[in-house]
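As given, the protein sequences belong to chains A and B, one line each in that order.
Letter 82 of the first sequence, counting from 1, is numbered 137 in the numbering used here, and no numbers are missing.
Letter 18 of the second sequence, counting from 1, is numbered 24 in the numbering used here, and no numbers are missing.
Quick list of in silico lysine to any residue cross-link-like pairs, SDA-like style, CA-CA up to 20 Å:
| id | chain 1 | residue 1 | chain 2 | residue 2 |
| --- | --- | --- | --- | --- |
| 1 | A | K58 | B | Q47 |
| 2 | A | K93 | A | W121 |
| 3 | A | K93 | B | G9 |
| 4 | A | K58 | B | Q50 |
No lab work stands behind these hints: they were computed from the structure.
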Amino acid sequence: AQKVTQAQTEISVVEKEDVTLDCVYETRDTTYYLFWYKQPPSGELVFLIRRNSFDEQNEISGRYSWNFQKSTSSFNFTITASQVVDSAVYFCALSGLNDYKLSFGAGTTVTVRA
Amino acid sequence: DSGVTQTPKHLITATGQRVTLRCSPRSGDLSVYWYQQSLDQGLQFLIQYYNGEERAKGNILERFSAQQFPDLHSELNLSSLELGDSVLYFCASSVDWGSYNEQFFGPGTRLTVL
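My request is simple: use the sequences and hints to build the entire structure.
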């Protein structure tokens with residue numbers, strides 16, 4: 056069974072601060088896929104990134120960056136110079152090679168104050 | 007906008023009733039997934055269809071059923087509704103059935119059972 060743990064329930068920062076969201080996963084699969092989704096106050100789930108288990112390169116997309124470390128089973132997400140529009144719930148998710156579903160963490164609520 | 011549409015956005019009904027939630031996947035996507043989101047259980051996978059065939063089942067109650075039609079839209083039928091069914095239901099779609107695919111989510115249907 057796949058398991059995703061997002062230990063941080065809520066994070067509150069002031070605009071322009073950096074914020075890092077932790078994601079730790081458990082799986083017995085050797086091939087698996089990790090995802091991050093954003094759920095803004097409007098409620099829809101927005102896909103942010105997918106990472107394959109065999110690709111440990113970190114990725115940067117604008118103010119967003121992801122740090123994948125297989126040795127610690129972590130896939131952390133950093134928002135640099137946060138903005139009020141970054142306020143949302145962020146979910147980390149995992150699927151194994153033979154899964155058809157996403158297993159989601161509980162989510163981390165990020166509040167960015169002006 | 008993910009390209010996945012869900013109707014209705016909100017649905018209010020009474021206990022014991024039956025409702026149908028509708029989902030249209032992104033153009034070109036063959037796979038449809040249903041999830042529910044609640045405060046206590048988080049995001050939970052219900053069922054997946056690929057090109058009209060049921061592909062995987064999660065924690066879907068026997069009172070719930072789904073199908074995917076030849077035009078690839080999907081419907082989730084919820085019957086004998088209980089107060090506890092009052093949660094947010096998401097539909098997602100992906101290109102094919104593989105676990106490596108990004109799943110793109112619709113805006114959700116919020117069900118309220120009175």
